[in-house]
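Visitor: Here's the letter readout for the chains.
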Amino acid sequence: MPMHRYGNGDIKSWLASAPVIASLKPEPWTLKGVRTMEARCEVDDDPADALVPPSLRPAMPAYVSIVISRIPDSPVGAFGLAEVRVAARVGPRPTYFILKSFCDSDDARKELASRWGYRVAAGAVAMREDHYRAVGTVTVGRKVVLDFTLSHREPLPGTRFNQLATVNLCKLDGKPILAGLAIESNFGANDKGKQRITLDNDAIGVGRSLKLLNPTAATVGVTDWTMGAIEFTVDPAQPAEQTMAFVT
Amino acid sequence: MKFGLAFELSVPRPWHRESERTVYMNALEQVRLAEELGFEYIWAVEHHFLEEYSHCSSPEIFLTAAAMQTQKIRLGHGIVVCVPEYASPIRIAERTATMDIISGGRMEVGTGRSATWTELGGFRADPDLTKKTWDEYVHVIPKMWMQERFSYEGQFFSMPQRTILPKPYQKPHPPMWVAVSSPGTEIDAAERGLGSLGISFAPMAQQEKVLQSYRRIIKNCEPVGAFVNNTVATINFLYCDKDDKRALDIGGGITSMFMPLATQFLHNPEALPTKPGASQGLLAALRARLAGGNPREGSAIGDPHHITRELKKWEAMGVDCVNFMLNCVEVVPQDKVLASLRLFAKEVMPHFQKTPAQAAAE
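Sequence order for the protein chains is U and X.
Quick note: the first sequence, position 13, residue 13 per this note's numbering, numbers continuous.
Quick note: the second sequence, position 203, residue 203 per this note's numbering, numbers continuous.
Heads up, a few of these hints could be off.
Keeping only pairs whose Cα atoms sit at most 25 Å apart, straight-line, the calculated DMTMM-like set for lysine to aspartate or glutamate is [unchecked claim]:
{"id": "1", "chain 1": "U", "residue 1": "Lys-211", "chain 2": "X", "residue 2": "Glu-315"}
{"id": "2", "chain 1": "U", "residue 1": "Lys-171", "chain 2": "U", "residue 2": "Glu-184"}
{"id": "3", "chain 1": "X", "residue 1": "Lys-131", "chain 2": "U", "residue 2": "Glu-154"}
{"id": "4", "chain 1": "X", "residue 1": "Lys-72", "chain 2": "X", "residue 2": "Glu-315"}
{"id": "5", "chain 1": "X", "residue 1": "Lys-143", "chain 2": "X", "residue 2": "Glu-191"}
{"id": "6", "chain 1": "X", "residue 1": "Lys-132", "chain 2": "U", "residue 2": "Glu-154"}
{"id": "7", "chain 1": "X", "residue 1": "Lys-131", "chain 2": "U", "residue 2": "Asp-191"}
{"id": "8", "chain 1": "U", "residue 1": "Lys-194", "chain 2": "X", "residue 2": "Asp-126"}
{"id": "9", "chain 1": "X", "residue 1": "Lys-245", "chain 2": "U", "residue 2": "Glu-241"}
{"id": "10", "chain 1": "U", "residue 1": "Lys-211", "chain 2": "X", "residue 2": "Glu-51"}
{"id": "11", "chain 1": "X", "residue 1": "Lys-132", "chain 2": "U", "residue 2": "Glu-184"}
{"id": "12", "chain 1": "X", "residue 1": "Lys-346", "chain 2": "X", "residue 2": "Asp-244"}
{"id": "13", "chain 1": "U", "residue 1": "Lys-194", "chain 2": "X", "residue 2": "Asp-128"}
Incomplete in silico selection of chain X near chain U, CB under 7 Å [what the hints assert, rightly or not]:
{"id": "14", "residue": "Gly-104"}
{"id": "15", "residue": "Gly-105"}
{"id": "16", "residue": "Thr-263"}
{"id": "17", "residue": "Glu-270"}
{"id": "18", "residue": "Ala-271"}
{"id": "19", "residue": "Leu-272"}
Restraint-style ranges between C-beta atoms, simulated for each label pair [as the list claims (entries may be wrong)]:
{"id": "20", "chain 1": "X", "residue 1": "Asp-243", "chain 2": "U", "residue 2": "Lys-171", "range": "56 to 62 Å"}
{"id": "21", "chain 1": "U", "residue 1": "His-4", "chain 2": "X", "residue 2": "Asp-335", "range": "21 to 27 Å"}
{"id": "22", "chain 1": "X", "residue 1": "Asp-128", "chain 2": "U", "residue 2": "His-4", "range": "49 to 55 Å"}
If you're looking for bench data, these hints aren't it; they were derived computationally from the structure.
The model shown is predicted, which means the values in this text are computed figures rather than measured ones.
Just so you know, even glycine gets a beta-carbon here, dropped at the ideal spot from N, CA and C.
With the hints as constraints, model all of the structure from the sequences given.
Guide: Here it is as structure tokens:
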């Protein structure tokens with residue numbers, strides 16, 4: 001029987017920083033007026049495979065998604081969130097595996113980790129928008145570890161951006177799981193543009209061989225998010241098709 | 001209702017020197033048997049870079065080989081990609097006319113624009129433009145076939161006056177089709193008088209809506225060619241065995257390999273936020289199908305009784321032709337594929353043959 005191609009990421013090393021979640025049914029957050037910029041960019045297959053857990057199948061071609069968001073209000077106040085994610089497939093579904101995220105609020109970090117399993121580090125997340133561009137940065141200490149500029153802004157009228165779900169590596173009742181999050185989003189305005197990204201591979205923990213090669217999309221917009229319950233879980237070490245369990 | 005075969009030519013890893021040749025030779029053997037058994041069409045896809053899933057990047061060569069090994073079966077591009085980075089419309093007109101001559105007038109020319117960033121991105125083609133380039137291509141290609149001298153000034157393609165040669169053997173030209181997977185393409189097909197070549201595995205109810213819309217609009221179409229091809233084809237997997245459970249065990253392997261492979265690539269909406277990219281294509285339909293519903297509804301994997309019953313539903317809906325995919329990454333051994341075809345021809349096909357009176361009336 002032919003075999004499908006799965007990731008070969010080292011779960012053991014990731015588990016050291018995996019958060020513990022309390023429940024699969026966290027109380028949802030509705031976040032209004034979130035400003036978000038996202039870039040999607042192809043990367044080489046081999047280094048990307050090492051970023052995907054063995055339960056998931058890498059996208060072909062491999063690509064990463066970089067998201068920088070400013071949340072103006074939440075149950076814990078305003079905060080900035082940046083995510084570096086690699087595209088994967090959980091069964092037939094497209095998803096992103098979050099490699100690293102940064103947040104500039106202690107309270108938000110704690111909630112994101114304990115509710116939805118974000119492996120989230122402390123970092124200053126800044127975003128500035130002009131009519132002709134948008135600039136997002138993540139600074140850890142005094143070092144800029146992610147710099148994302150979107151230029152040549154052009155409106156996308158009447159378009160609903162295709163926001164994919166994410167999976168987070170975390171622990172529940174002492175066991176490692178991949179938790180699939182359903183984030184409902186409703187864009188109010190959206191522009192596309194050209195992307196320029198500088199990524200500190202060491203700070204992101206993606207290995208030095210990962211290079212951003214072929215940009216596919218860059219967008220900036222305003223959206224309302226609902227971060228809801230965890231939709232499904234997967235054993236991170238086994239093919240998702242065998243262990244995927246929907247949370248009822 | 002007529003039947004055909006659709007070939008993706010999928011090649012399982014690990015690849016070795018004989019892998020692709022085995023798949024191609026098996027497919028040609030299936031073509032020869034299909035003709036003998038009374039199948040009407042074969043179709044070959046054009047895909048690029050879709051590893052394992054489809055190694056059929058030069059369908060014109062596969063179809064030419066098929067033409068040389070058969071006498072009656074019709075040979076279809078299912079589809080040829082109408083995007084400038086892939087090929088000029090001149091080359092498509094020349095190639096298809098040549099194949100029509102060599103095959104003795106058996107070409108069917110399906111057109112389309114590719115639904116994946118994996119492919120379009122590989123050619124550095126802009127998915128935002130492919131609907132427009134496809135439209136320009138389907139308008140000029142029939143003129144290239146029919147006019148002795150042709151010139152054109154367009155948005156994506158222009159040429160000074162030249163004689164495009166050879167001309168097709170079929171007069172005025174081969175039937176033209178368009179691949180219909182995204183909602184709305186059936187309207188494009190109908191408005192232009194093109195056959196609707198269904199390549200989606202969407203549920204029956206959804207496909208019925210598409211078909212009704214197509215039939216309604218094509219009545220008042222303005223054909224891009226010299227005639228209207230008011231024909232609707234759909235696609236299905238086929239595995240026929242006398243024992244229904246065994247059919248599901250063996251034939252189920254085709255879908256269980258096909259779905260994960262097909263969904264591993266980047267279809268346009270995943271890579272791009274723009275409007276054409278937001279269309280629903282084959283992969284969206286596959287995912288929707290996996291998400292729920294009766295997986296056996298409309299399926300041609302089963303015993304002859306099951307397959308006949310399900311195909312009768314397609315026939316009642318008004319589908320003119322069902323094209324079958326017989327395998328995926330060679331998960332079904334070739335002898336079983338051939339046995340399945342023979343059993344289908346013996347026990348299912350007769351239920352769909354015209355009576356002599358119907359044939360005479362036609």
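Visitor: Take the C-alpha atoms of X:Lys-132 and U:Glu-154, compute the straight-line distance between them, and say whether it is at most 25 Å.
Guide: At roughly 20 Å apart (the allowed maximum being 25 Å), U:Glu-154 and X:Lys-132 satisfy the hint.
Visitor: Is the Cα-Cα distance between U:Lys-211 and X:Glu-51 25 Å or less?
Guide: Between U:Lys-211 and X:Glu-51 the Cα gap is close to 22 Å, so the pair holds against 25 Å.
Visitor: A range of 49 to 55 Å was offered for this pair. Does it hold for the Cβ distance of X:Asp-128 and U:His-4?
Guide: 31 Å, violated
Visitor: So, X:Ala-271 near chain U? Judge it on the closest CB pair being under 7 Å.
Guide: This hint holds: X:Ala-271 lies near chain U, its Cβ roughly 4 Å from the closest one there, short of 7 Å.
Visitor: Take a look at whether the Cβ-Cβ distance between U:His-4 and X:Asp-335 falls inside 21 to 27 Å.
Guide: 25 Å, holds
Visitor: Quickly compare the C-alpha distance for X:Lys-72 and X:Glu-315 to 25 Å and report which way the hint goes.
Guide: Holds, because 24 Å separates the two Cα atoms, which is no more than 25 Å.
Visitor: Using Cβ atoms only, decide whether X:Gly-105 comes closer than 7 Å to chain U, and label the hint accordingly.
Guide: Violated - the Cβ of X:Gly-105 stays beyond 7 Å from chain U, reaching only about 39 Å at its closest.
Visitor: Holds or violated: U:Lys-194 and X:Asp-128, Cα atoms, limit 25 Å.
Guide: Cα-Cα ~15 Å, so holds.
Visitor: For the hint 56 to 62 Å, verify it against the beta carbon of X:Asp-243 and that of U:Lys-171.
Guide: Distance hint for X:Asp-243, U:Lys-171 is violated at roughly 47 Å.
Visitor: For the hint on X:Gly-104, does the least C-beta distance to chain U fall short of 7 Å?
Guide: 38 Å, violated
Visitor: Sort out whether X:Glu-315 lies within 25 Å of U:Lys-211, counting only the CA atoms.
Guide: 52 Å, violated
Visitor: Do the numbers back the hint for X:Leu-272, that is, is its least Cβ distance to chain U under 7 Å?
Guide: 5 Å, holds
Going through the hint list in order, the structure does not satisfy hints 1, 11, 14, 15, 20, 22.
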